[in-house]
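Q: What follows is the residue order along each chain.
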Amino acid sequence: MAEMTYRDAVAYGIAQEMRRDPSVVFLGEDVGAAGGVFKATVGVLDAFGPTRVFDTPISEQAILGAAMGAAMTGLRPIAEIMFSDFFAVCWDIVANEMAKTRYMTNGQVTLPLVVRSGNGGGSRFGAQHSQSVENWAMAVPGLKVVAPSNPKDVVGLLAAAVRDTDPVVFFEQKSLYPTKGEVPDGEIVDELGRATVLRRGGAATVVALAAMVPRAMAAADQLATEGIDVTVIDLRCLVPLDVTTVATSVAETGHLVTVEENPRLCGWGAELASIIAEENLFDLDGPIVRVTTPHVPLPAADALEDAAMPDVARIVDGVRRSVL
Amino acid sequence: MAEMTYRDAVAYGIAQEMRRDPSVVFLGEDVGAAGGVFKATVGVLDAFGPTRVFDTPISEQAILGAAMGAAMTGLRPIAEIMFSDFFAVCWDIVANEMAKTRYMTNGQVTLPLVVRSGNGGGSRFGAQHSQSVENWAMAVPGLKVVAPSNPKDVVGLLAAAVRDTDPVVFFEQKSLYPTKGEVPDGEIVDELGRATVLRRGGAATVVALAAMVPRAMAAADQLATEGIDVTVIDLRCLVPLDVTTVATSVAETGHLVTVEENPRLCGWGAELASIIAEENLFDLDGPIVRVTTPHVPLPAADALEDAAMPDVARIVDGVRRSVL
Amino acid sequence: MTDVLHPAVAGPQAIDLRLRIYRMMVEMRDFEKRAYDLFLQGLVKGTSHLGLGQEAVAAGFGAAMRPEDYTFATYRGHNHTLARGVPMAPVMAELMGREAGLMAGKGGSMHLTSVAHRMMGSYAIVGAHLTIANGAAWSSKLRGTSEVTVCFFGDGTTNIGAFHEALNLAAVWQLPVVFVCENNRWMEYTPIGSVTAVQHPAGDRAPAYGLAPVVIDGNDADATYAAAAAAIERARGGGGPSLIEAETYRHGGHSRADPGKYRPESEVASWLARDPLPLYRRRLLDAGVSEQVLASVEEASRQAVDEATELAAASPPPDLSLVEKDVFADGGSAWRR
Amino acid sequence: MTDVLHPAVAGPQAIDLRLRIYRMMVEMRDFEKRAYDLFLQGLVKGTSHLGLGQEAVAAGFGAAMRPEDYTFATYRGHNHTLARGVPMAPVMAELMGREAGLMAGKGGSMHLTSVAHRMMGSYAIVGAHLTIANGAAWSSKLRGTSEVTVCFFGDGTTNIGAFHEALNLAAVWQLPVVFVCENNRWMEYTPIGSVTAVQHPAGDRAPAYGLAPVVIDGNDADATYAAAAAAIERARGGGGPSLIEAETYRHGGHSRADPGKYRPESEVASWLARDPLPLYRRRLLDAGVSEQVLASVEEASRQAVDEATELAAASPPPDLSLVEKDVFADGGSAWRR
Ligand SMILES: Cc1ncc(C[n+]2csc(CCOP(=O)(O)OP(=O)(O)O)c2C)c(N)n1
Ligand SMILES: Cc1ncc(C[n+]2csc(CCOP(=O)(O)OP(=O)(O)O)c2C)c(N)n1
Ligand SMILES: [Mg+2]
Ligand SMILES: [Mg+2]
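Chains as they are written, first to last, in our numbering: chain H, 1 to 324; chain E, 1001 to 1324; chain G, 2001 to 2337; chain Z, 3001 to 3337.
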């Protein structure tokens, strides 16, 4: 058992899989010699050399196309898109090609690949380098979508993603990179599509993802001091979506609050809320509350960015509005 | 008053605005000399000439970049992205540039432009030419999103979009192009963000968009024969979203059914359902049912495509499940 | 223009190869004419994009490829699919949206794929597949194989971003990939010359990727074979990518419903006069192949198309359960647990 | 390399212009050094990308532009912003995320924009703004004005799709736009040569768009001015776009936290020896400008930076109501009614 940053867990996880399976290759901008702009892949080039680790031009479509073509023909690539905002310049390869090819070919083509990307706000990078775009990926049939909240999950879910036979979009929350957590020794392999119940309480079910998880936990602490004990679920994956864990909890608590970083409209919170409103409506004892970033691009100034993103106070308030 | 196809209404609407305002220009692939691959812009080049109508290379980023730069500097461009699936090759310009620039510049830059695009399935074009991606646009703060269901709305909403000072993504549903409707004489200017109540009934509120509107109406007819009278709302715009009209109706009926063409996850139906589940939960007398395409890419074969998209039977069934 | 014949097709000993190329072209032609008939009869329901007139490119390259090589094509990919030995019946059935289709109707005409034949797919978003072809070539190189990837696309495709990214990466990584631009002078309804800054959309851009400009007569199957063999050989030997511009013409419209009337009559006429099939037929006769042999190739092709049509027409529509099949590798579409 | 001086800077009568260029460079240098200090003090909170070492490009072009011309720049855009006459204080305040910021803190260092100065924005997604610059140029042409658009970007940007699309369209439409590639030899941490198929990422690609290759010494402000004046003149006269590669170097790392240690020491040393500021200073002395005049320019710049810093530091954080302001043109963010 070692304490490790979320950042280091990425390189650790990649290395675990590259050691295990020689068909795993890794490519992206500045990922090799420089160890990644977030320093999340330091050491990978040294460990596996230039026949398995590739620094690319600034050509996101070419990066993902290369990953896809390689996955079709026997390799298991991990590609990095430096900031998830840049999915917009290569969305065609993700949404139209990777996501649809198995289906269109009636199962002939299999695409075991992972696209990792730094996602989310909190770094004062402004509107074009701070987006949470996990809902973009979730909306496209054929993609699996993962967003870990802690170092152990980074390693285990990355391993599961690499071993998965489908294209997986793996979101690393940039503001979590410096955070630390325990990572058990030995091989760690997790499972896609299982949410984790981090805390149990009967007053409400609070579901969060990635950077919103520690904030939801802090909100739960604060609510507990007022006698409101909530369940906190770390969703971890958006596809497959662990509806069962959420619905089971809502059946017990009667209240659902989702905490998401993406802007208001059409996020995973909306999807989850609608599922519950369709399948478990009569379990609900209060409104389903979504705590989100408002429907705005993220501002750069620290004061403004902090005001835009969901914080503990807004989560606490969201729970109160649900249980009222 | 003239009867007109949805297809012809597009050219008619563009012409109305180009005649009125010399700063309106129009560009896209094959839009000029050929009149568009869907023949929706026939005659526009002839009427306004090559100084206002432009055939472009297959360069979607360059097309939308040109529209954006022109909108920043005094023109009001209408750009065509031939199939909405191709938004994936120029999503950066839409989502990262057009949508965010006013905000990032603290209001200095204004972008009065319209991006029109052929959207949706039903033409047996397969997975890369049939998508409904209105939810992609809805999820991005800073865009307005329109999707008319009939020729009159095409003209009126296109006029409203062209006159609007924000970037508007205007979805034309491809399978509606041959459909006909009455278009009043004289200038037609509609308003963005107003849903239309097409039919009133107390049993449930059925909300549909674009090609799903006639199907929802047909389902309402069928349900009426069973004594179930529903309200049908044509949403028309996703941003601004006419929550008021929907919520008012749900307060009366106690039931909400959304009918959307996009694949299951994170569609506008989810957004609407979550809003109601948050703000109007206690108005509901039954589950909120979303009728959608399943979360799959669209297959090409006619039999399969028809089975994938929401049809009258599935809408009827959805209403039954809600009012049960 | 290449005016030397490749050794493989130069001598009389090469008759077998040239007959094979001729047979491929005849089959492509007959197949696509039938596809057009079926469309007129309402039996091909989706769109389809015919390569009538462009057969010499698909055949010349197809003949120069080894079974282990990979093909990537566009929505205009019937010819390239047949060129890899994919049987006609499943292709025809795919166009008709039947259960016996190459992808059981799930892909349609624009997405023909037969991994067993290393036909790695037909792609309908302009430009994307150039980047994916790179990936296959990269994988071939990393796996230490001698596979070569051949990637076909049109003139209009040279103006989209993905073209640029793919060519640069292929050159930097020295990938075993051959990019073949079929310059048929038109995008959909717009002439390439009106939207392109250079005369040869691919040829004039090769130097931007450190590649030699190669512009060939795409209606001359000997020329396409020669260029193909040379580029594939080079790629197989570790010499890196090539970009070849093959000048050709589509006889019909862009897609099934388009009569192609926007093109000047004289242009159409001049290209019809250079139809690759009669041209090659004459050349084979000149090389001493008998009329009888050619006629029997043609007769066999007609029969094959008839049989394929029958098989395809006899196939039922796909089972509706396919709608929710194979979104994911477990065979299903379940996004929740 | 251009070795003839533009007439405007050639004679002694041109001293005013050259002093103006020198003043711009000194101000850029002082401004950015201060920005770096403020970052070290924790007062610049977001990221920022300095153009230290690259001033001669921004200044040479800035001096050649008319007030009605448009600038499009990247995240490395402080210099280009100052070059348009945007005052230092709001730029500094923007870096510090203050209310007095050029965009009240909403954009940050990477998105400096001042429409009043026709500084049409700094863009942080590589490549996109080349297409947008086209749009401004297209609009200038359609509106019948004589405005010219100048668009700056880096060497790494030449490998992304948008570059290709933008250059082709500019050439086809003969737009009044000048594309300026500041080749500082590095992307973020990767040398451009290792990922580019040609030696001159922009210069060697100009012919792919029917343009003349132009590679200039980007550290020589007279050379950048000459190239700028020629290209802008041509564009203004209806002669269409240009693509200019200016060879230069950034003295520091890619962004604020990067010490830039990945670069060979000898490379850094050789470029520091060609620092555009001392080079130009010496040239002005040689041209007869007095040490005193130069010193007063330098002193004024230091004062201006001090004042700007004070003003910026005195400004409060932006009002939180700005979070929901100006998503839409009505000033608000309401997406519902
Ligand atoms: C990104 C994208 N833009 C536009 C289209 C629509 N489209 C399909 S084929 C085509 C013309 C392609 O021309 P070319 O590359 O010359 O190939 P050809 O059809 O002549 O074989 C266009 C514009 C598309 N499929 N993808
Ligand atoms: C599409 C995209 N990919 C990657 C990045 C991350 N990134 C920012 S700057 C940069 C390097 C750009 O290099 P260059 O064009 O040479 O400009 P320079 O920074 O040297 O001025 C990269 C890769 C980005 N902003 N956008
Ligand atoms: Mg063509
Ligand atoms: Mg650079």
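A hint or two may mislead.
Unchecked claim - Here are the simulated DMTMM-like pairs of lysine to aspartate or glutamate, each with C-alpha atoms no more than 20 Å apart in a straight line:
#1 E/1039 x G/2258
#2 G/2033 x G/2299
#3 G/2261 x E/1055
#4 G/2261 x E/1046
#5 Z/3261 x H/55
Derived by calculation from the structure, the hints in this document are not laboratory data.
Predicted, not measured: the structure shown is a model, and the values here were computed from it.
Q: Determine for every hint whether it applies to the structure shown.
A: Hints, one by one, checked against the model:
Proximity of residue 1039 of chain E to residue 2258 of chain G is assessed by CA-CA distance (about 11 Å); at most 20 Å being required, the pair is judged to hold. With a CA separation close to 15 Å, the supplied pair residue 2033 of chain G and residue 2299 of chain G stays within the 20 Å bound. In summary, the hint linking residue 2261 of chain G to residue 1055 of chain E is supported, as the alpha carbons are separated by about 17 Å, within the 20 Å threshold. Distance hint between residue 2261 of chain G and residue 1046 of chain E is fulfilled; the C-alpha atoms sit about 17 Å from each other, no more than 20 Å.
For the hint pairing residue 3261 of chain Z with residue 55 of chain H, the CA-to-CA distance comes to about 17 Å; that is within 20 Å, so the pair holds.
The structure is consistent with each of the numbered hints, conforming to all of them.
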